[in-house]
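Participant: What follows is the residue order along each chain.
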Amino acid sequence: MAKIVVDNISYVYPLRDGVGLKAIKNLSLEIGEGEYVALTGMNGSGKSTLAKLLNGLFKPISGRITVDGISTSDENSVFEVRKKVGMVFQNPDNQTVATLIEDDVAFGPENLGLPREELISRVDYALDAVGMSEFRGREASKLSGGQKQRVAIAGVLAMRPEVLILDEATSMLDPEGRAEVLDVVGKLNKQGITVINITHNMEEAALARRVIALRKGRLAIDGTPAQVFSSSLLEACGLSLPPAAALARLLEETCDFAAGNIIDEATLAEEICRQLR
Amino acid sequence: MFRDVAFGQYYPANSVVHRLDPRVKLILTLLYVIGIFFVKSYFGFMLTAALLILIILVARLPMASVLKSVRGILLIVLFTAVINLFMIKEGDVLVQWKIFTITKNGVHTTIKIVLRLVLLISGASLLPLTTTPVELADGLESLMKPLALLKVPVRDIAMIMSIALRFIPTLFEETNKIISAQKARGASLDTGNIFARIKALLPVLIPLFVNSFRRADELAFAMDARCYNASDKRTKLKKARIRFADILAAVIVCAFFTVILLDRYYFGSVGINIDAMIFGGLL
Amino acid sequence: MQAIEIKNLSFVYSARTPNEKRALDDINLSVEEGSLVALVGATGSGKSTLIMHLNGLIKPQDKKRSSIVVHDMSASDKKALKKLRFEVGMVFQYPEYQLFADTVAKDIAFGPKNMKLSAEEVDARVRRAMQVVGLDYDEFAGRSPFDLSGGEKRRVAIAGVIAMQPKILVLDEPVAGLDPAGRKELLALIKTLQREISPTVVLVSHNMDDVARLADRVVALKDGRIVADGAPRDVFADRQLVKDIGLDVPFAARVVDNLEEKGISLDKHIITDEELYNALTDLFASAGKLKKPAPEEEFFDDEFFDDEEFFDDDSEEDEEEDIIKDDPEQECTVPEGACLEAEENDGSEKTKNRRKDMTSDKGPARARGEGGGNV
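Note that the protein sequences, when read in sequence, are chains D, P and S. In case it helps, the numbering used here puts the first sequence at residues 1 to 277. In case it helps, the numbering used here puts the second sequence at residues 1001 to 1283. In case it helps, the numbering used here puts the third sequence at residues 2001 to 2375.
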């Protein structure tokens, strides 16, 4: 069953009086329960705008988005949507509200007015899920980038969301921090949380089971990573192949080698080994 | 670097005083400050000093950290002392030299004023020394709660306080970065007259403002995404509990306050007599 | 000749407090003029502290023991401080967050003006800097830097540094946060900057593939010490060392390792995609599984970052003139609820003009969803 239904939406960024920027154009797509989707496209393709539309931070000017059948445009139910669809943003420094980590994680559930015992158990659960339990009483500003983003994920998890959107959440991290965050996200997906990872890192996109590429506010490519990376539209979307896929394709040109669905180095090595024999 | 300064004077230690409920500490500090103004005799000052030293010892604070706060007002103390010493003309004259007169009354008043100021500042500094800014904000919020009845937006004020505290280290870090970047382009931030300096600050202030607005914008999205304003009743993870130590602290400070009041208004001469016993002919 | 010579440099943050941290521990480092040195290491390894010593933003703590000499100038010499800062250009992480002036040209002119150059010289340097980073003067000079796209802002910030024409350029994570197209263009720009403006470049990077492609030399820091120093292929060849430092190896080296597990041995010194490709085609050739001789240039054109080996200067220049258009969201006006679609082309100038025309006579539109905006 589709978790999120995006039905023919458009969105215009208001700039100044009477001027807008048409960021999303007649976009339709469905995202199923438990999916791991990478949403990609070059800067300005509308991917971050779409993310903000999915949990009602923006509202489409036409068309409709529903999460479990609940519309994001309805003021009365928008908080229901936001409870279901949690979002982690790009800059680790601009999304923590409280000085201490546990207070920050509790922020969402506190807003929901949950009883104190429930708050405690949710903070425990969320910090444990991202492996930050031992840091709970510390100051968020003294953490590394990766740790800050894990705390941000915990802050979202404490609301018990069904969908987790990462809006370029790894783009400001070093490789170590990026790996930490992606590891946590993969685990959460295995536990049944739907993940939408907005990224322009192709190796990261390859981790997803489905890749959606936007171009100028429209859906350009939608499919498995293998399908997307073999799409002729990839370059037009301002995207590049993951290095393993690029190399496989080069080899295919000159050697007796079938590139097939190679997207990571392990498969590349395996295929080279197999096809050499 | 800057961050440590920004976090005020908090001196981390594991002590009973550190663990007291911030609301209790706020109220007791207020009581102590008021109490000091009622102190009349040297006996009263000794009592105050004894209480102060007791707290410092229990809180495991180094004396230096408390004296540091006094150093900040040293000039004011000296200025007040000198003014009082020469301005008070009543009483037995001790020294007379040209236009300068020092009287016995003047000396006593001066000593008491210095004691009062020093004890006041060092006592008040114990609060930030033993309480983190976050706890202070939480305590203030809790104490302000009754104001909600007067339609004061206590919840929003508390939120603003906590976010401001949260962003102090971030903004300091950012300011440092911008200063470094502009210095790297040859900016001089510390030469020239006042106008030149203000002008030189613009390359730092403008990006700082622009970035702060951007941060505020992103933070607003992040807060909305986490259902800020979803419910009229926000609950709190932290629930301060009054413990035995809080009650004990309250009893001690209240006892001190009572003795000071009694000394001033009821016993009348007890404190003065004790002063006389101790200092004898000096007075 | 050595462009930078650092001797016995140590640095301690918050000395004699519980937060004491040794950021640099007896660093000795010389950087030869004309080289591109990559400074690598995990976050907190001391890279930032080290580079801030190079232009006197941080002064050596132990003046007797340590010395930093940049082109015969001592970094401890207060009188030469300004001169040092113009000699060592420094582009910090996310430099676009330090833009401040109301026009691009004024922002770029900030450095040259601080050098007390004549107005003509300042203007000439601004034009030259913009040309080198690939920003068209007529199009961008008068615009507000705050209205530009992320990639354009970063170019303006870099132009602001190279307008001082420093002999040494320090770049701290210059491609962080850019999309693939932006990354590719900026990486290409680094080589141009080295050729045109600053012969010596110090590049701080977390991306080992970038390091493998660009650097002549890698210096790795760990806990404030230099733990590896040498040509990229030699440093990366020592897999155990790289692992101990807490770094990745480049993609090509990872493939080599993967192949070795499968029993195919390739040279551990392979670090770039090109080298790997050549080694693999050799492998296929010796197995008699080659299709035809490979005209390599064509294949690398799209997929790979252009290396000088594969391109002559002319074609590289062409690349650079192709400005990043990070912000191709077409702008359109929304006169009274209706939405006009902008053309498919990205010519921001064209759409900008169009926008101006439309705004003058039309009322405000309800573009926001809250307004119940039906179209």
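Treat the hints with caution; some may be incorrect.
Mimicking BS3-like on lysine-lysine, the simulated pairs with C-alpha atoms at most 30 Å apart in a straight line are [stated by the list, open to error]:
(1) 2116/S / 2079/S
(2) 2064/S / 2106/S
(3) 1199/P / 2262/S
(4) 2064/S / 1177/P
(5) 2262/S / 1177/P
(6) 1199/P / 2106/S
(7) 2078/S / 2007/S
(8) 2116/S / 2021/S
(9) 1199/P / 2222/S
(10) 1177/P / 2291/S
(11) 1199/P / 84/D
For the record, the hints were derived by calculation from the structure and aren't laboratory data.
Participant: Each hint: holds or not?
Facilitator: Going through the hints against the structure:
1. 2116/S / 2079/S: holds, 16 Å
2. 2064/S / 2106/S: violated, 41 Å
3. 1199/P / 2262/S: violated, 65 Å
4. 2064/S / 1177/P: Cα-Cα ~28 Å, so holds.
5. 2262/S / 1177/P: violated, 48 Å
6. 1199/P / 2106/S: holds, 15 Å
7. 2078/S / 2007/S: Given that 30 Å is the threshold and the Cα spacing comes to 18 Å, the pair holds.
8. 2116/S / 2021/S: Violated. Residue 2116/S to residue 2021/S sits at ~39 Å, over the 30 Å cutoff.
9. 1199/P / 2222/S: Since the Cα atoms of residue 1199/P and residue 2222/S sit roughly 41 Å apart, the hinted pair is violated (cutoff 30 Å).
10. 1177/P / 2291/S: The hint is violated at about 55 Å.
11. 1199/P / 84/D: violated, 50 Å
Of the numbered hints listed earlier, those contradicted by the structure are 2, 3, 5, 8, 9, 10 and 11.
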